[in-house]
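Protein sequences, first through last, are from chains A and B. The first sequence begins at 0 in numbering that gives the first Met the number 0 and counts up by one. The second sequence begins at 0 in numbering that gives the first Met the number 0 and counts up by one.
Just so you know, the hints here were simulated from the structure itself, not pulled from any lab data. Be aware that one or more of the hints could be misleading.
Residues from chain B that face chain A, not an exhaustive set, calculated with beta carbons under 8 Å [unchecked claim]: (1) Val35; (2) Leu40; (3) Gly41; (4) Val90; (5) Tyr167; (6) Val168; (7) Ala175; (8) Ala181; (9) Leu215; (10) Gly219; (11) Val255; (12) Leu305.
Derived, one-sided and incomplete: chain B residues facing chain A with beta-carbon distance under 8 Å [unchecked claim]: (13) Asp49; (14) Phe51; (15) Phe54; (16) Val64; (17) Asn108; (18) Leu156; (19) Val159; (20) Ala163; (21) Leu164; (22) Pro178; (23) Ser180; (24) Ile258; (25) Tyr276; (26) Leu292.
Far from chain A, some chain B residues (derived; all Cβ distances over 12 Å) [claimed, not checked]: (27) Ile6; (28) Thr7; (29) Arg28; (30) Arg66; (31) Gly78; (32) Val85; (33) Arg91; (34) His96; (35) Gly101; (36) Trp104; (37) Ala122; (38) Arg130; (39) Asp140; (40) Glu166.
Cβ atoms here follow ideal geometry from the backbone N, Cα and C, with glycine treated the same way.
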Amino acid sequence: MAPDANGARRLRGGAPGRRAAVLLGLVVLALLALAVLDTPASGLVPSASGVEVAKRFLGTALRPALDYQEAHPDFEPFLWKVAKGAWRTVLLAAGGMSLALVFGAVLGVFSSDAWWEDRGGRGARRAARGSVQAALRLVIALMRSVHELLWAVLFLAAFGLTPFAAALAIAIPYGGTLAKVFAEMVDEEPRAAAHALRAMGASRASEYVLGLVPGAMSNVIAYAFYRFECSLRSAAVMGFFGIPTLGYDLQLAWNDLAYREVWTYVYAMTALVLLFEAWSAGLRKRFVA
Amino acid sequence: MSASHAITADDAARLARVAELRRRRPVNRYLRVSLVLCGVLGVVAWIAGDLFPRFLFDEASRRNVARFLGELRPEPLQGEPWDWGVFAQWVRETLVHTRGLGDAWRTFNLAVLAIVLAGTFAALVAPLGARTLATRDPLSDAPDTAGWRWLRRVVRLGFVLLRALPEYVLAFLLMAMLPSSAWPAVLALAMHNAGILGRLHSETLENLPAGPLRSLRQAGATRAQLAFAAGFPLALGRLLLYVFYRYETCVREATVLGILGIRTLGYSIQDARSKLYYDEMLLLILLSVVLVLAADAASVFVRRWLRRA
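Next comes chain B alone, as it looks inside the complex:
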């Protein structure tokens, strides 16, 4: 028995080989430092950020949580046995008097309008940020002039600034400046997504196969013709995929912008919360789930339909 466990010279050589391989494996210092920093941040967050829910050990808070959970049950059914008929009746009445369905419809429309505006902006402006098109001599390796370089930089910086601020903050700021309508929400969503789509679309344009564009250029096409008559149709498939990908996010965000006072689903959710009608609040949140899942499904369906052809 013990003989089989004794380390033979053969085993030792094998272990040495393993140690050798381990020493020679590629080590990524950037990754290591990043992971350590993140780990430290995570630990510090729980210690210094006062995150640990100590309050749950407190009797009064526990009672609060329990009461809250009780109030999530539809009001006519509180203290009563569950009855699907009563429940259905309550759902119908709640959706009517909170105008939840109308708000869901507006949320959907708001997301569509915002993403179409953002996509249009990206399609028009992105060529100015593309290394291959916004140069002195498009698609050639000729040295560039400072003017074009700066233009590209400014456009790219514009994209960064547009997407840096969250939609919610943008809408908050716009609401103070514009009269009350749906525009602040539309513009906030459109601006943030214009920054994202603009960057993605200029990268698509840069990565287009150079052959077709170059031969058009040699045939005398202008820069604008290259960008819009050739570049746009070539990059359109990718742009549409990005538009639908961002559209899903837009529906989620459009819901939430209602909290600021614009009539989307978030508005009625916030309204129910401030009245402490937690049962209605939960129903409306579930309605937003249905809306988001439907948007996701539609977007997946269209993307697949586009790809399959």
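Next comes chain A alone, as it looks inside the complex:
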């Protein structure tokens, strides 16, 4: 009985009073939001033209296009085009993630408490270390708190419509998130091995790389995979800014009123996400204790 009772207390996560207060607060805030926002009840009822669009769009949900709805001799085969869009989405996600991993690894190491752990030394040096770490944490927070599409707005203005701008737009917020999580994971590792290495005279770097990183590695890899999955969604959405990924094709098909083609892209996007979700779930199951 005792473990169950402990489990229940842990799951409840705090006193009933506080939970009820938070729940009530959320409901009140949501009601206030209804008043602040432009959310009339009529906004939930499709207009006449909306009903028409909804009928035609939702009516074709189970009949995704396998060929162009209006054939044209010059076009490449439709399914080839879908496959190419999916492939480009994967490539952009992989390109963004490869940069993000570099940012995340470097910033993660140099923002973790373990790296800056006090090993004595003169006061001035210790203060300098503290401020470097604080500055890095601020940089990471800034990288994370701007959404990838806002980074894209900035970089597209700076570099024009190039895949590099899109990859960089994904890489910066993702790199910030990876850095934060990597640092937390390393800091949660037991320090015994690292301290043993230090007693043998290991440098700060080898103490870190040999004593801490191996233990955190399985969690780090699992989390990086999960972010890869998210970057696929981001890469698809970059298409709305004109980068040729699935989102781009979807938007064009929608503007052409080719709803069955839209569904094909929707399903392609869903399938891609599910494929990578299964891949990373498989990894977590086999790899993370």
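Let chain A serve as the given structure and place chain B on it in line with the hints.
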């Protein structure tokens, strides 16, 4: 000197032991193949994806970048020495005429409404996806009927489908069907997060300690009573943690949905961009940073307050 470097029989034995240990270490083939595939994908992306910024070696593009950076400086200060008074004045005026503060306020509200709707949906529907509750005989190991199995599968699939599409795409599609209001953005955020919270909440329900629920069942509680009178309060703490965790993401996404034309911060950012007022665009992006950091801090604070009790 050289004698100490000669490999003695002792060293050889030690090396053999190391090699032996290396051979016997657990090897995870799934992981190896995954890592190799990802490495290949990363390399291919840079070669075939046309990612390398060759254009930066081009004189004209470099000038473009330099001009862009120059235009990020507040307009009254361009070509002038930096003056904090002028800067403060410019910030005040810009926030007024772009209506940035109102947009930030609406962004915050939109995120709250969406996450509360998503949480309510999850709380109501998740029991139908929980293995322990949505069975013929709750909390027992008795064999299940096909009907209940299918119901669970359909509910779980529904969660997957809800979260598969990005919020941005959902909002784009909804905007074509609903009259212009904030609803398409609210619903898009709520739907995506309902899929995520629904799955997490049904997992919490499945992992609840079985003892209390089982004794209620033996005392004659119905399935609905188990799910909502016992399961919900037991799982509420965890659900609230997830709600606040997703709330942070919601604020970020709500900002961006403005680009589609709904009045959140993204709307004024996009507006400034299309007018090529890059200085104002940067200021509004920084405002969104403040909003997100405030939301993060509030969420961390509430989560800690809940946990500490």
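Taking the hints in turn, this is what the structure says about them:
1. Val35: 13 Å, violated
2. Leu40: 4 Å, holds
3. Gly41: 4 Å, holds
4. Val90: Where the cut-off is 8 Å and the nearest Cβ of chain A is about 18 Å from valine 90 of chain B, the hint is violated.
5. Tyr167: Holds: closest Cβ of chain A sits about 5 Å from tyrosine 167 of chain B, inside 8 Å.
6. Val168: 7 Å, holds
7. Ala175: 5 Å, holds
8. Ala181: Holds. Min distance 4 Å.
9. Leu215: This interface hint is violated because 13 Å lies over the 8 Å limit.
10. Gly219: 20 Å, violated
11. Val255: 5 Å, holds
12. Leu305: The hint holds - leucine 305 of chain B has a Cβ within 8 Å of chain A, the shortest such distance being about 4 Å.
13. Asp49: It holds, given that the least Cβ distance between aspartate 49 of chain B and chain A is near 5 Å, below 8 Å.
14. Phe51: Hint holds; phenylalanine 51 of chain B Cβ to chain A Cβ min 7 Å, cut 8 Å.
15. Phe54: 6 Å, holds
16. Val64: 5 Å, holds
17. Asn108: Holds. Min distance 4 Å.
18. Leu156: Because about 10 Å separates leucine 156 of chain B from the closest Cβ in chain A, which is outside the 8 Å limit, the hint is violated.
19. Val159: Result: holds, 7 Å to nearest chain A Cβ.
20. Ala163: 4 Å, holds
21. Leu164: Holds - the Cβ of leucine 164 of chain B comes within 8 Å of chain A, reaching about 7 Å at its closest.
22. Pro178: Result: holds, 5 Å to nearest chain A Cβ.
23. Ser180: 3 Å, holds
24. Ile258: 7 Å, holds
25. Tyr276: Not OK, violated: tyrosine 276 of chain B not within 8 Å of chain A, min 11 Å.
26. Leu292: 6 Å, holds
27. Ile6: 23 Å, holds
28. Thr7: 23 Å, holds
29. Arg28: Given a closest Cβ separation of 9 Å, the condition is violated.
30. Arg66: 10 Å, violated
31. Gly78: 20 Å, holds
32. Val85: With a cut-off of 12 Å, valine 85 of chain B remains clear of chain A, as the shortest Cβ separation is near 24 Å.
33. Arg91: Given that every Cβ of chain A is farther than 12 Å from that of arginine 91 of chain B, nearest at about 23 Å, it holds.
34. His96: 20 Å, holds
35. Gly101: 10 Å, violated
36. Trp104: 7 Å, violated
37. Ala122: Incorrect as stated: the minimum Cβ-Cβ distance to chain A is 10 Å, not above 12 Å.
38. Arg130: 17 Å, holds
39. Asp140: Nearest chain A Cβ is 17 Å from aspartate 140 of chain B, so the label holds.
40. Glu166: Check fails; 9 Å does not lie beyond 12 Å.
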